[in-house]
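Q: Each chain is listed here by its residues.
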Amino acid sequence: MTPVSQTIRVTVLFFGRLKELTGHAEDSLDFADAATIEQLFALYAVRHPELAKYRSSVVASRNQEFAAWDTPLRSGDEVAFLPPVSGG
Amino acid sequence: MAPLPHDDIYQLVREPIDMAALARQVRAPEDGAIVTFDGFVRNQSHNRPTLYLDYEAYESMALAKMREIGAQLHEKYRIHRVAMTHRLGRLEIGETSVFIAVSAPHRAAAFDACRFAIDTLKRTVPIWKKEYFEDGAVWADGELPPAPVATPRAKPAS
Numbered sequence: 586m587t588p589v590s591q592t593i594r595v596t597v598l599f600f601g602r603l604k605e606l607t608g609h610a611e612d613s614l615d616f617a618d619a620a621t622i623e624q625l626f627a628l629y630a631v632r633h634p635e636l637a638k639y640r641s642s643v644v645a646s647r648n649q650e651f652a653a654w655d656t657p658l659r660s661g662d663e664v665a666f667l668p669p670v671s672g673g
Numbered sequence: 020m021a022p023l024p025h026d027d028i029y030q031l032v033r034e035p036i037d038m039a040a041l042a043r044q045v046r047a048p049e050d051g052a053i054v055t056f057d058g059f060v061r062n063q064s065h066n067r068p069t070l071y072l073d074y075e076a077y078e079s080m081a082l083a084k085m086r087e088i089g090a091q092l093h094e095k096y097r098i099h100r101v102a103m104t105h106r107l108g109r110l111e112i113g114e115t116s117v118f119i120a121v122s123a124p125h126r127a128a129a130f131d132a133c134r135f136a137i138d139t140l141k142r143t144v145p146i147w148k149k150e151y152f153e154d155g156a157v158w159a160d161g162e163l164p165p166a167p168v169a170t171p172r173a174k175p176a177s
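Taken in sequence, the protein lines are chains A and B. Note that the working numbering has the first sequence beginning at 586, numbered continuously upward. Note that the working numbering has the second sequence beginning at 20, numbered continuously upward.
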């Protein structure tokens, strides 16, 4: 790991009620390197305070795979925040 | 995971699902049974009359998850082919939202695989439905898919 801090760009997707709450389905964000999915969510929760109360009922994905909240982000990642699924 | 048979079908569609055509496509001379699941829009939810439903998906991930389910079916059960189709957009009462067909040489595997497929789809595939009523709309209660709790810890530097 190099200690050099740099900026990375990630695509962020919201679905269902999270999309309505944030007002967008897709966003693109420049972010500090070595940041985690948790920190990304927290950043949106600052912009949209109602998001915080959904934190425990959201799962995250990174590049179309379910991902842990402490997953570090890399440039070009596609992160999605997914409310409980209700297909079928 | 093993590659999927090329004649399996996994799709998201915005038009009515042609169930008969899908059932025909999984049927082969070496099979002895097809089990199908037809999930369709109910006219009420928690005793409130439903007007219609609107489905949305994280399409690329939903398709990937559906194919993962298919791969699990082929690993776990002695089945031949799978067709799994979910419809998106506005659906009226009685319209089919999800259809699954599984063919197999013998019925038990087809029943078990079809049940596993719909149960797993409902728990893990990123699709959401919004229910519209006379007096408003709500996102349906759903299930939180199982996700990793933490990333594996890096080995300590030696």
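Careful: at least some of the hints might be erroneous.
Keeping only pairs whose Cα atoms sit at most 30 Å apart, straight-line, the calculated BS3-like set for lysine-lysine is [said to hold, decoys possible]: (1) Lys604/A <-> Lys638/A; (2) Lys95/B <-> Lys141/B; (3) Lys638/A <-> Lys149/B; (4) Lys604/A <-> Lys95/B; (5) Lys638/A <-> Lys95/B; (6) Lys141/B <-> Lys638/A.
Per the computed footprint, the stretches of chain A lying under chain B, defined by three or more beta-carbons under 8 Å from a beta-carbon of chain B, are [what the hints assert, rightly or not]: (7) 623 to 635; (8) 653 to 665.
Simulated from the structure, these hints should not be mistaken for laboratory data. Being a predicted model, the structure only gives us computed values, none of them experimental. The C-beta atom is built at its ideal place from N, Cα and C for all residues, glycine as well.
Q: Under the constraints set out in the numbered hints, which ones does this structure not fulfil?
A: Structure breaks hints 4, 5 and 7.
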